[in-house]
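Peer 1: Residues per chain are reported as follows:
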Amino acid sequence: MIGFARDGAVVSARFTSDEAAILVDLASQLVQLLSERGGDATGDLLFAQLGIGGSAAAPLDPALARLLPDAYRDDMEAASDHRRLTERALVERKMAHARAFASTLEHHEVSLDGSAVQSWLRTLTDLRLAIAARLQIEFDGDEGDDPATQALYDWLGYLQGTLIEVIDD
Amino acid sequence: MVSLPTLERDLEVTISEMPDTPWVTMVWNDPVNLQSYVSWVFRSYFGFERSEAERRMLLVHNEGRAVVASGSREQMEVHVEAMHDFGLWATLAKDDQ
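From first to last, the protein sequence lines are chains A and B. Residues in the first sequence are numbered consecutively from 1, following the working numbering. Residues in the second sequence are numbered consecutively from 1001, following the working numbering.
Since the hints were derived computationally from the structure, they do not count as laboratory data. Virtual Cβ for every residue (Gly too), placed ideally from N, Cα, C. Please note: incorrect hints may appear among the correct ones.
To be verified - So the derived label-pair ranges between C-beta atoms look like this: (1) A:Ala21 with B:Thr1021: 27 to 37 angstroms; (2) B:Thr1021 with A:Thr16: 14 to 24 angstroms; (3) A:Gln150 with B:His1061: 16 to 26 angstroms; (4) B:Arg1065 with A:Ile2: 16 to 26 angstroms; (5) A:Glu165 with B:Pro1031: 17 to 27 angstroms; (6) A:Ala21 with B:Ser1072: 26 to 36 angstroms; (7) A:Ile2 with B:Ser1072: 39 to 49 angstroms; (8) A:Gly161 with B:Leu1059: 19 to 29 angstroms.
As the list claims (entries may be wrong) - Which bits of chain B does chain A cover? Going by a derived footprint, with three or more residues having C-beta under 8 angstroms, they are: (9) 1028 to 1040; (10) 1074 to 1086.
So that you can see chain B by itself, here it is in the shape it has in the complex:
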């Protein structure tokens, strides 16, 4: 399984190369997926450290959603597809906030 750059590195690339509003990948809470599985997906796919993966997993669980990546629309579409492969409920949107 490939290990992708961290969100922070993605953001640096995005800001320096793309003047447009970035897009974000969001993962939504569902009552089915195990916390340990979601955390493992965040680590193994996005390359997050264990503590960061846990933090974002808990955001999904407690707040109902969490941003897990940011960058170009095309990149986010790839991430969303990958999350759907894992059975996680993910969407992409323009980062307006």
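With the rest of the complex left out, here is chain A:
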């Protein structure tokens, strides 16, 4: 990967086919993970279309719990109500960004417009949050004990940091 470059509103980067395959695979795993919360819990089609009618309980999986946090910290009832009404739509949006991210990687030389940059920033964040939960990174400075996964996590952080740099001036 030879860094992001910006030309006007378009950001481009070139990946090796291995790198692109890894990113597409990670995005697909993220969609898979999120789909555990996207099931039609109530069986109500209208609710499903509106994005409500989801689960009221926080996910047990720490990666999902971090991707879909409680909106209220000290009020479990409000947190449950809010989650039931909004979580499904949040899951749908995260999945849509992950799919958009993967679709830009069909060519190893990616060219991102403003909307694709948004999908990249959000999906890179969600991937890092999910991997950090697997690595049990809980505090600033923590490192995982699986070197390969840690290296992947660091690489995603490098991608995100350099992407922010090119859009940020």
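Position chain B against the provided structure of chain A, taking the given hints into account.
Peer 2: Frame of chain A; chain B shown alone:
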């Protein structure tokens, strides 16, 4: 991406229109998100100036949390959802302090 009014303007509207205790949106520190990303989210979503976004990002980093918006409960729920879209850890609460 929409640019929303600054916190100060939100507060003026809140105080003049709503006698109730305002609600606040808080962003919490996490060991994953990059400082540059958090700062960029604060600027691009809330419309903070660069220096103000940096200040609040550092509050999150050093103090563990920072208030990023204040207003009605409904407004704060929208902000919290937006922060969760960005992957930031945010909650809303009544501003009791």
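Peer 1: Does each hint fit the structure? Answer for all of them.
Peer 2: Cross-check of the supplied hints:
{"no.": "1", "hint": "A:Ala21 with B:Thr1021: 27 to 37 angstroms", "result": "violated (52 angstroms)"}
{"no.": "2", "hint": "B:Thr1021 with A:Thr16: 14 to 24 angstroms", "result": "violated (55 angstroms)"}
{"no.": "3", "hint": "A:Gln150 with B:His1061: 16 to 26 angstroms", "result": "holds (22 angstroms)"}
{"no.": "4", "hint": "B:Arg1065 with A:Ile2: 16 to 26 angstroms", "result": "violated (38 angstroms)"}
{"no.": "5", "hint": "A:Glu165 with B:Pro1031: 17 to 27 angstroms", "result": "holds (21 angstroms)"}
{"no.": "6", "hint": "A:Ala21 with B:Ser1072: 26 to 36 angstroms", "result": "violated (47 angstroms)"}
{"no.": "7", "hint": "A:Ile2 with B:Ser1072: 39 to 49 angstroms", "result": "holds (47 angstroms)"}
{"no.": "8", "hint": "A:Gly161 with B:Leu1059: 19 to 29 angstroms", "result": "holds (21 angstroms)"}
{"no.": "9", "hint": "1028 to 1040", "result": "holds (count 9)"}
{"no.": "10", "hint": "1074 to 1086", "result": "holds (count 6)"}
Checked against the numbered hints above, the structure breaks hints 1, 2, 4 and 6 and satisfies the rest.
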